[in-house]
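Undergrad: My request is simple: use the sequences and hints to build the entire structure.
Quick note, the sequences are listed as chains A and B, same order. Going by numbering that gives the first Met the number 0, the first sequence opens with residue 0, and the numbers climb by one from there. Going by numbering that gives the first Met the number 0, the second sequence opens with residue 0, and the numbers climb by one from there.
Each hint should be verified, as a subset may be incorrect.
Claimed, not checked - Derived PhoX-like pairs (lysine-lysine); straight-line CA-CA distance at most 20 angstroms:
id : chain 1 : residue 1 : chain 2 : residue 2
1  : B       : K157      : A       : K52
2  : B       : K68       : A       : K98
3  : A       : K52       : A       : K85
Source of the hints: derived by calculation from the structure; they are not laboratory data. Computed from a prediction, not measured in an experiment: that's the story for all the values here.
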Amino acid sequence: MNKKYLSALVCGFGAAVLTTIPGIESVACCLLVPVAAGFSIGLYKKSHPDILKIQTGTGVLLGLLTGVFAALFASAFEVILTFITKTNDLIVAMPQTEKLIRDMNLGQAAEESLKVLRQMANEIQSKGFSLLYSVMITLANLITYTIFGMLGGVLGTAIINRRSNQ
Amino acid sequence: MQIALLKNFKLIGTDTANQILITRFVFLSLLTIWITGFLLPLVSTIDDPLTNFLIAKIYSTVCHQDSTKYISIDNNSTLVCARCSGIYFGALIAAIASIIIFHPLTSKKLLLISIIPLLIDVLLVSLGIYSYLKIISFITGMVFGSIIYLFILTEIEKLILEQISDSLNE
Chain A
0 MNKKYLSALV CGFGAAVLTT IPGIESVACC LLVPVAAGFS IGLYKKSHPD ILKIQTGTGV
60 LLGLLTGVFA ALFASAFEVI LTFITKTNDL IVAMPQTEKL IRDMNLGQAA EESLKVLRQM
120 ANEIQSKGFS LLYSVMITLA NLITYTIFGM LGGVLGTAII NRRSNQ
Chain B
0 MQIALLKNFK LIGTDTANQI LITRFVFLSL LTIWITGFLL PLVSTIDDPL TNFLIAKIYS
60 TVCHQDSTKY ISIDNNSTLV CARCSGIYFG ALIAAIASII IFHPLTSKKL LLISIIPLLI
120 DVLLVSLGIY SYLKIISFIT GMVFGSIIYL FILTEIEKLI LEQISDSLNE
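TA: What follows is the structure, given as structure tokens:
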């Protein structure tokens, strides 16, 4: 594997592992992923001592890749943990989610949404796996983790380049 | 460092200024899309249940989504809590201001000061000294959101200026 992607893979995996710790999940996206992206750039620079300054494009790409890897691993961990425990955040937060969907004031659409949610919850409780839920969680993670990953990538590049200047 | 960069900035002229302005517009646009997303239940209705679930799920990765802490208007609520809404609205105000005022440079010190009201609010609510007030959470979030946005923008712009400066020196 290209060394460029290795640092993103390692840091993305690390961030995904941390997201499995209860309580940390809610700050995973805002804090863990940008920090992991920063670390990924640091690792990349260490593995390429000949590079004096990281280009913004490289930083963004590494941040994006860290976000993608973190999202894929975090989703995989969640699917595995759900399969073992036959419960997850969806089951725990079901009453609150039902309220949220109702708050959206969608009328008939709210009932449809609830039907889909209940079906997912039933599948998880009986089989430990719901394909729809797995796809949804992966998609949601991919969207948010990549955004924050890129942001972390830009910030990480700025900080690491400044440190090299000093 | 900053003065040197600004000197470079003045020397480089309109191309750099345009590049910085484009960066700010890109950030403003992205922020607007993000904010529209969590305001969707207030501004429109989407009939597709899976889309609704996906949108709610996307914001669940950035907010605890405690329904008692949402900002509600006419039985419709935002998808993030009052504090998170404040952070993003603060960032939006800063993003608009950064287009009008051209040098929104900020420091780490200011960033640390801006987080103090937010932390005090979290601490006092956690200790039960007063109950959660959406308006206080929103305002403290807004202060922090605007400063952190300017901090991030400053860092990115310094990076752009440094790289332009380097390419000119080569």
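Undergrad: For every hint, state whether the structure bears it out.
TA: Results of checking the hints against the structure:
1. Of the supplied pair hints, the one linking B/K157 and A/K52 holds, its CA atoms being roughly 14 angstroms apart against a limit of 20 angstroms.
2. Between B/K68 and A/K98, the direct Cα distance comes to roughly 13 angstroms. Compliance with the 20 angstroms bound is thereby established for this hinted pair.
3. Note on A/K52 and A/K85: the hinted pairing is violated, with a Cα-Cα distance of about 48 angstroms set against a maximum of 20 angstroms.
Consistency with the previously given hints fails for number 3 only.
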